[in-house]
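In case you want the letters, here they are:
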Amino acid sequence: MTKTYYTADHEWVTITNNVATVGITDYAQNQLGDLVFVELPEIGRKVEKGETVVVVESVKAASDVYTPLSGEIIEVNNHLESDSSLVNQSAESDGWLWKMRLSDANECSELLSLASYKELI
Amino acid sequence: MADENLKRLPLESFHRESGAKFCSFAGWSMPISYPLGVLKEHLHVREHAGLFDISHMRLIEVKGEKATDFLNYALPLDATNLKNGNSQYNFLLNENAGIIDDLIATRLGEDRYMLAVNAGNAEKDYEILVQRNKDYNCQLTMLDAVFIALQGPESAAVCRDAGLDFVDNLLFMQGCEPKDNWFVTRSGYTGEDGFEFAVPASDAPALIEKLLSDSRVEWIGLGARDSLRLEAGLCLHGNDLNETISPFQAGLMWAIPKTIRESALFVGAKALNEQIAAGPTYKRVGLQVLGRQPLRADTKLYSKTTGEEVGYISSGGFGPFVNAPVAMGYVKAEYSALDTELVSSVRGKQFEIVVKRLPFAPQRYYKG
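From first to last, the protein sequence lines stand for chains A and B. Quick note: the first sequence, position 98, residue 98 per this note's numbering, numbers continuous. Take the position in the second sequence, starting the count at 1, then add 121; the result is the number in this note's numbering.
Hints should not be assumed to be uniformly reliable.
Stated by the list, open to error - Derived pair list, reagent style DMTMM-like, types lysine to aspartate or glutamate, alpha-carbon separation capped at 20 Å:
#: 1; chain 1: B; residue 1: Lys470; chain 2: A; residue 2: Glu81
#: 2; chain 1: B; residue 1: Lys391; chain 2: B; residue 2: Glu216
#: 3; chain 1: B; residue 1: Lys161; chain 2: A; residue 2: Asp83
Simulated from the structure, these hints should not be mistaken for laboratory data.
Construct the complete structure from the given sequences, taking the supplied hints into account.
Shown next, in the form of structure tokens:
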């Protein structure tokens, strides 16, 4: 079963069978402006919820993207190396950032539903 | 950020209607970008014509029988030989030759000049000019005007088609007063051909609407303004220039003729000449960051060979036209030669930097 959640830091997480795909929301990309570079994590890296996993660079500044869940990075979106604008154009699908195998499925209970996220923005 | 304390542009409603995102800069609420976005706005200026609201910047009018003598003293400016209708990039220096502000001075008559100064320093500049005016008794007035800039290779054509033919009488760094209370110069801050218009607030809406009705023109925000000037190798006071940096260290001595420096009539002359005699300790350089990830202001720079700290980045970002990170900074004189290799470390990641010639994008001023 696939479920999509959100965070107060403007990330979305889609989970299928203990594997999560993470990206930033369309709202976030709009706030950041045009991205010129996305610094992706190493495959195999183990991350704890709340850690900075990706750094996105706009023309003017760098911004951290935090992982909403703990686990191991198993894939990154290599398209972003040559085209960081994918995140701006398609933040919630083709502009996904990384995939991870979750280490603690219970952490999902702290994530927001779409409705709750929409209330924030 | 106390939003209520920010100054508002006279044209703020135009920007809101155009979908601008706002930020705070130098105490003003400024449009940072429009729906086009920083990257496209930047490229639009290099390819067509971009319109900037620069009303946060201020104009100080200097009038009086002794106006020329006053400016020869208050600034390291050769006001005597500045012809009517000509502009000159210059500075307000303190006694240590530190740059209080960089500015553009335009002569508009025997005894009349206009100084265009930075928003964040305007009030300080004015007070200092008033102090220095004691023996000269000039009339100093900070004007209230809407100030807009049209920049890009199609600027002149846009102006012509808008009925502003007087622009054809101007070369780069020349100014005129084509109508009552209008002050126009052929200058800018992007490296491209362009014009800056200071007009009364009542004349502004019609002028803006006329220019924007031209399909070649787009609103451009502060984000692109910064990336444009950085690509063009132009300094930003507050980043690349400040009161602890002199025109000598900043590599801007071309703005102060040797004769003026030698006759030493201006405030800061003694200190400046002493620095020059002692030779440079630090120099401002262009910096190319290898790869695609930008390095930002205040990033420290180290020698690739010895690992010692040799300088810092004063302005850093991404240049959409050159499609690469661009930066400027200060390094010890012995590390300032072109192609010198430097390194830096940010968040545990190593970066390689090379000293490069400025500008990154060619300057395309209209000199006739």
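Each hint tested on the structure:
1. B:Lys470 / A:Glu81: 17 Å, holds
2. B:Lys391 / B:Glu216: 8 Å, holds
3. B:Lys161 / A:Asp83: 15 Å, holds
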